[in-house]
Amino acid sequence: MTTLRVENLTVRFGGLAAVHDFSFETKENEILSIIGPNGAGKTTLFNAITGYIQPSEGNVSFGNRVLTDEAIHAISEIGVIRTFQKKSFFPHLTVVENVLLGEHMGIRPSLIDFIKPGNMKKKELSGLRRALELLEFVGLSEKKDMMAAELPYGEQRLLGICIALAANPKILLLDEPCAGSNPNECENMVGLIRKINADGVPIVLVEHHMRVVMGLSDRIIVLNSGEKMAEGTPAEITCNEDVICAYLGKSGENDARNG
Amino acid sequence: MRKKWTWIVPLTLLILMLPLLIESSYFMHITILAMIYIILATSLNLLSGYTGLLSLGHHAFYGIGAYTAALSVMRLGLPFLLALLLSGILPMILSYLVGKITFRLRSSFFAISTIAFAEITRLVSINWVELTEGPMGLPNIPAASIGPLVLNSYNKQYYLVLILAVSSIFLSYRIVNSHIGRVFKGIKDAEYVAISTGVNIDRYLMIAIMAGAFMAGIAGGFYGQYMKFISPDVFYFQMTVNMVVMVIAGGLGTIGGPVVGAIIFTLAPEVLRFSEGYSFILYGIALILIILFLPGGLWSLLKKVKNLFKNSVYPNNSEIEGSDNLK
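If you read the protein sequences in the order shown, they are chains H and P.
Oh and the first sequence: position 121 is 121 in the working numbering, straight run, nothing missing.
Oh and the second sequence: position 122 is 1122 in the working numbering, straight run, nothing missing.
These are computed hints drawn from the structure, not numbers from a lab.
It is possible that part of the hints are untrue.
Claimed, not checked - Listed next, the in silico BS3-like pairs over lysine-lysine satisfying Cα-Cα at most 30 angstroms (straight line):
| id | chain 1 | residue 1 | chain 2 | residue 2 |
| --- | --- | --- | --- | --- |
| 1 | P | K1303 | H | K144 |
| 2 | H | K228 | H | K143 |
| 3 | H | K122 | P | K1185 |
| 4 | H | K87 | P | K1306 |
| 5 | H | K116 | H | K143 |
| 6 | H | K27 | H | K87 |
| 7 | H | K143 | P | K1304 |
| 8 | P | K1303 | H | K121 |
| 9 | P | K1188 | H | K144 |
| 10 | H | K170 | P | K1188 |
| 11 | P | K1185 | H | K170 |
| 12 | P | K1228 | P | K1100 |
| 13 | P | K1304 | H | K144 |
| 14 | H | K143 | P | K1188 |
| 15 | H | K121 | P | K1228 |
| 16 | H | K144 | P | K1185 |
Values in this document were obtained by computation on a predicted structure and should not be read as measured data.
Make a model of the complete structure from these sequences and hints.
Structure follows, in structure tokens:
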């Protein structure tokens, strides 16, 4: 069973521990959400898992492969694929080219392809066919020849996920896929994430829209100031007093002060 | 689809018959220089135009190529074609080392480190007197000979440089229109996304710089036997400035752009000669205007003109979509 395991992960920026002694393990084919207030360290956690930041302490592994000291592209090679909160696509390429780039690991030419005629073309063609299938899957096939920068915001988000899917993820890390989306786009995204998960790809989700998180997640971890505050099913998390306190403030204290 | 190729036949004929049309040997010389610049601009474009890493040390590969070819013919007595091949391979190996050291840097930091590399090669060429004869340069480089054929006239030299230029355009066309070219564009556009899809960035930058160094070295190898004399002046920084101007004004990250840029900016000083001392001012003004009003370079202007013709006959897709919206 291949699961993503994070053990005692600590990321320090100078004196500040953005993530502190954080551990979790995904279960087979689940949707795990990581939530927390702004600055809780969610994106830092993603960056540390996928190699964009070197963790100060702790271990990350996927199945029996240790990810901690691997280069970013090697981590992608293992099958741990992520999207970004910022632009998660190539703005000045067409939509279909974006997806073909996502398929890089599948269609990159090897040395033999340069010598053997026809090989390169065959790879390109099968790549293109798969790209069109994936665009169909996320619902962007009509826009395949548009520049990615010209897509409306919600569709750019879909494209980002499409690129990640093209990389054949064994686990998918989504960093705020619904950020800045309107309710319609949000609902669309939820449907897509469910579909991806139903195809057997476990998902780790960072998201602020509580409706999305509560509707999708099998399990939720709450991160606050870089530390794990709570873990459980959506129902457990909504009742957790610490979590309510972190998000809304403690009502009792305020009353006491006012009184 | 077929119509796209109609312009290519007269253009090929024109290029092949150019030596017959140009009588003055001086203009033949300018044409050959333009061809050399086509190779150089095309080679720089691979790295700086497509992957977006501005190299300001590209002339070092050209200079090393020039010295490699000249020395291996004169000192080692190698046949010209082998020397020409070496003049591509040695800069390519050096570019690998340069890449290993400098690819951790980006933007202006990368540009500065490449200048430093080029400056080192210039100093070596001046001070390693035993090898390069220092500032005296290498005179009497024999003209290229391929078997019994000695390229002792402008016309013969023209055809050789034409073959080299066409090959380098073809090579970079093949690279750019494959998946590798797509990766180059991806690196330029959003490097962090490219890595996340499993692209080994350094490897692809290496392909760009090594292919570019190979072409630039060959251009240098040709230049030496053509001029019959080289000196450390081939490492003159102005060479790279010229190339960068040609690539940017012609059109960054296009195949046609550097070609158009190389032709126009080699001819420009000649055309502007009537203005005597003012020619560089006019040159500068033209450059500023291009950068201000044609950010896509002269190549984008040509494309616009072409589209203008198309649109007058057929409305394009965007217009059809626009009319749909009106309903």
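Results for each hint:
1. K1303(P) with K144(H): With a Cα-Cα distance of about 22 angstroms, the restraint between K1303(P) and K144(H) holds, given a limit of 30 angstroms.
2. K228(H) with K143(H): 41 angstroms, violated
3. K122(H) with K1185(P): The hint holds at about 22 angstroms.
4. K87(H) with K1306(P): 33 angstroms, violated
5. K116(H) with K143(H): At roughly 34 angstroms apart (the allowed maximum being 30 angstroms), K143(H) and K116(H) break the hint.
6. K27(H) with K87(H): 29 angstroms, holds
7. K143(H) with K1304(P): This hinted pair holds, its Cα atoms lying about 23 angstroms apart.
8. K1303(P) with K121(H): 28 angstroms, holds
9. K1188(P) with K144(H): Given that 30 angstroms is the threshold and the Cα spacing comes to 21 angstroms, the pair holds.
10. K170(H) with K1188(P): This hinted pair holds, its Cα atoms lying about 27 angstroms apart.
11. K1185(P) with K170(H): Satisfied, since the Cα-Cα distance of roughly 26 angstroms is no more than 30 angstroms.
12. K1228(P) with K1100(P): Violated, at roughly 34 angstroms.
13. K1304(P) with K144(H): Status holds; Cα separation ~23 angstroms.
14. K143(H) with K1188(P): 23 angstroms, holds
15. K121(H) with K1228(P): Violated. K121(H) to K1228(P) sits at ~44 angstroms, over the 30 angstroms cutoff.
16. K144(H) with K1185(P): Holds - the C-alpha atoms of K1185(P) and K144(H) are around 17 angstroms apart, at most 30 angstroms.
The structure does not agree with the numbered hints 2, 4, 5, 12 and 15 stated previously, though it agrees with the rest.
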